[in-house]
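Participant: Given the sequences, and given the hints that come with them, work out the whole structure.
One line per chain: the protein sequences are A and B, in this order. Just so we're aligned: 104 in our numbering is position 93 of the first sequence, and the numbers increase by one with no gaps anywhere. Just so we're aligned: 597 in our numbering is position 571 of the second sequence, and the numbers increase by one with no gaps anywhere.
Quick caveat, the hints were computed from the structure, so don't treat them as lab data. Backbone N, C-alpha and C define an ideal beta-carbon position, used for all residues, glycine too. Any given hint might turn out to be false.
Claimed, not checked - A few chain A residues that face chain B, going by a derived Cβ cut-off under 8 Å, partial list only:
| hint | residue |
| --- | --- |
| 1 | Pro31 |
| 2 | Val32 |
| 3 | Thr91 |
| 4 | Ala119 |
| 5 | Glu214 |
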Amino acid sequence: MSAPREPRLLASYLRSERRPVGGLVALLVVAMLLPVAGPVLVGRFVDAAADGREASALVGIAAVFLLVTLTGDGLQLLVTWLSVRMAWRIGNRLRSDLARHALRLELAWHGEHSPGLLIERIDGDIDALTKFASTAVLQLLGNGLLLVGVIVVAVVIDWRAGLLIGAAAVAAASTMSKLRTAAVPAHDAEREVNGHLYGDLEERLGGLEDLRANGAGEYAVHRLHDHSARWWSAARRASFLGDGAYVAAGAAFSVGSALTLALGVFLHRRGELSVGSVLVLFRFAQMVREPLERIAEQMRDFQKALAGARRASRLLATEPCIVDGQGGALPSGPLSVDFDHVGFAYDDRTVLHDVDVHLAPGTVLGVVGRTGSGKTTIGRLLLRFWDVTNGAVRVGGLDLRDVRAAELRSRIAVVTQEVELFRASLRDNLTLFGALTTDDDHLSVALADVGLASWVATLSGGLDTLLDGNDGLSAGEAQLLAFARVLLADPGLIVLDEASSRLDPRTEAHITAATKRLLAGRTVVMIAHRLATLDRADKILVLDHGHVAEIGDRATLAADPTSHYARLLGASSAAGLEAPEALAGAGQPGAPR
Amino acid sequence: MSPTPLTQSDRSDTRFSSGRVAWALLRREPVAFAIAWTSWVLFHLVPIPVGLLLKYVLDHINHDPAGGQPVWAVLVVLGVLEVGRWLELLFAAVQWHGCWVGWHTIPRLNLLRSLVGDPGPAAHRLPGSPGEAVSRFRDDTMDLAMVLDVWLDISGVAIASASAVAIMLRIDARVTLVVVLPVLAVLWLCRWLTPRLRIWRRQAREATAAITGFIGDTFGSISAIKAAGAEGCVQERFEALGSTRAKAARRDEVGTQLIQSLSGATGNLGIGIALLLVAPAIRRGDFTIGDLGLFTTYITVLSALPRWAGRVGAYHRQADVSVERMAELLSAPDPARIVAPVRTHLRGGPGPFPPVSFDHPDSRRDNGRLDNLEVRDLRVSYPGGVGIHGIDLDLRRGSFTALTGPVGSGKSTVLRAMLGLIPTDGGSLRWNGIEVAERSTLFTPPRVAYLPQLPRLFSEPLADTILLGVDGTALASALRLACLEDDVSEMVDGLSTMVGPKGVRLSGGQIQRAAAARAFVRQPELLVVDDLSSALDVETEARLWERVFADTAWATTLLVVTHRPGVLARADQVIELRAGLVAPRR
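Facilitator: As structure tokens, then:
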């Protein structure tokens, strides 16, 4: 990506907020300069008192002081309110664009970018970015203004005192930035010690039984003690260096304000400065500390924000490889499927070679083959998660590359091995957040059709019950929910990536019954991992290393002892005696819970 | 944990507040706390003399513009005070960091010690995952430490405020009382606002968690979303969650700023009111310009009070919850246990772990050698599980008992119930004829060692994860018994090889054999071994048992789950389980 993208990205989002930004800056200038007026007014008050002016004049100054400073406080609150609102407006727009873009990107891209990473990209990075763009920029600007305002007014009161305050500020700022850099390794070391402490603790807590059974409890306690002692040293060292920087800057300010007071007294003695002005300059010398500290804080966030902006613009610049089709509508009813000499390569690895398969509408095709033979790829190509390398995939007579993705996915449904449920209401899980527009009656009918009516009856909230992702449901129930989704979508083609998980016999029976209902009157591509479920298939496709080893009617192939399919059937029934043993072995981990 | 202790912990919430727990924690290191307290109070107190000196300087130059030396001397003192304040802060900060670590360490050591050492079954001691328990060790201990920390600050701010008010009262009681009024008002406002702020903060966090959870969920199931063409609906939902979060976050951020602004406004209001009131007095000369300088300084001190006072209540409430969460890690939810006395050596560290020696004749004599072990009517039931229903076993010294049976017949359950790792419904164990009341703490090395089916290695050098604090004299022979010596000699770093988390850098067989060495090195009277066959091939397992049987020096008693014929053939007695019962002899 080209280097100067990041500032442009932010600028483009800020441009739409031109007017609010302008107003905010104007407001900020006022809000930050009013506090400068406070000490000046106190000085005026003191001078007026020293000059023996009327009490009414003094009261007048005091009233102005109250008005000005309280207005300043109020304005500051207003600026915060406005800038926070703007930050969230811009941030959410950016987040929303990033999410939309990420949703558009194809599965291959998602395969390389974990959901955890996307949480950072879409949310975490933007947090740092918008905080910086709104609050931090305003803070920087505001505190910079305050700093300049104080020094300028000080120079106006007395140029020597003004320069002194300025010099103290510069000295403090440079010590702080230098010493803070020196403290970075110490802070890193502390973080690392803590990382070890928690990492080790998590491991030992995970192995509680091993520790107890081996009488190693005290040893684990000792390790925690030892790690804590390391933290003690690291924390004190980091504190000495880190707080040292802060202290050095603070001391520089203190020396500055003491010197300012001394200079004020000296000038007062020579009759060049009023008592009030001495007080004002002393206050100013103390006032410059806070904005400088704030600025130093914001500078640290700057790097974070810049990195976030860089990552966000890189994500937005990633173009999906799959270009949406422009073409017409798919026919209604069951859909024909044609693989015209399809070849597919992924990452330079050829997965499918010249697959030529044609299905009339309403056909049930069973796809079998070993792991890695390309079974799953067949299903993914049908949904156009990937584009073919050679040949064409046609559904309902149309090349998938010409069909709009939305049209395609409304007519094709898929049930995968791992049914993914969301932490959302049952209704949202069924309609995928409203992608299927339907009413509650239809939902209830679909749930009843797949045999989940009694389960739904146990839910206190009915369709509004919040599901806790996949945690609350058994694998069988999740599978049945996915079937209900398909029934609701009423597609013309179903890709059924058969569940490999083991289910108890009752659920298995439920699923078999539901599957029968599901398949009626639709074209089905059934990717089978177990041969037993292929009884319902009309045709069988045997894949071997991406080649079509065999295709034909199931009955014909089963009757022909020389066919691949018949041989596979033979092998599986021979293995049948062993199978329960193998399954049992796999399901034996450790302890019953 | 059964539900009963949890209800007890609910009740204890009202009985045992975080304040009392924090007070007990303070008393563990009273000197360190006293030093921290003094240094923070001093730091907060410095503006008091500074105000007095400023008053002196201002009065002096106003009335006696040509005055000589004293003013310069006062200015030097003022400079020294200010610089000294910062140096004192550095000392206070470094010393405080030591206290801070100590306040975390004492509860942590107590919690871990209870988890690894308290009697009772180890299973289900953690309320959630180990990662969740770590958050209790990390965040909940911090919430408690925050209480002690806020005590330091509120002491300093309160003492400084009291001193300021005392001095101001002597100068002008009427003005002082009026100036204190806005502070009191804001104090009340902050106390009212702080709990709300905490609720807003929590709501903002929850809204954020909802967003991140939604992103994680939907992108985790992106193929389902895409297959259903649900991208648009997901997008809409994301935006809806986003605007909910924005609302919560805005309120939280503005609320935080509100407390800041209120604090600033208190100062300005105080100064403004003082100016209004003193105008006539200044005219009369009753109130000097120096007094005014002093008042403006002290009002700034007072304006910090509401902010800190608000935090005190908030931190206490937060820590109340944390104390309860920590107590859930204890075997009995008594919050006093969290801060029980414990010797810590943070400066310089606790030193090397004193190795436990099982060779020492005393350690054997005290614990008694095993002559026979009787198990009678051992019962375990699981909701929806198989369980065991009355198991009898007799193990004689030096004998080899094999436990066999189909999957799910309860073999592992028998072992774990005997060792006290899981709760039992009944049954008795007699060690040399003496009833064993608390198995979980007594059935440990050197009496009993256990090799589970899925042992856990820890991320440390191989030797350490085998020894786990036992002295290394028997290590070489343990490695040989476990058939691990050849593997070790082939490793570049030998026994110092880092095994990685859960031993990932070793093969499955090596992990199992390292765990076997862990059991052997403890030279137990009774060695309990769960099925080795899932991790070891026939040949290696046979070799391992050959070596164990050939080891005449060590007359251990063996109880082994196995279904390998070669191993069963060597057993003195074979006990076959079926559905949680001992199957009749064939």
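Participant: State for each hint whether it applies.
Facilitator: Hints, one by one, checked against the model:
For A:Pro31, the suggested interface contact is broken, since its CB lies about 15 Å from the closest CB of chain B, more than 8 Å. Here the hint on A:Val32 is broken, as its CB sits about 18 Å from the closest CB of chain B, past 8 Å. The beta carbon of A:Thr91 comes within 4 Å of a beta carbon in chain B, closer than 8 Å, and the hint placing it at the interface holds. Using the Cβ-Cβ criterion of 8 Å, the hint placing A:Ala119 at the interface with chain B is not satisfied: the shortest such distance is roughly 11 Å.
Evaluation of the A:Glu214 hint against chain B yields a held restraint, the C-beta minimum of about 5 Å falling below 8 Å.
Hint violations for this structure: numbers 1, 2, 4, all remaining hints satisfied.
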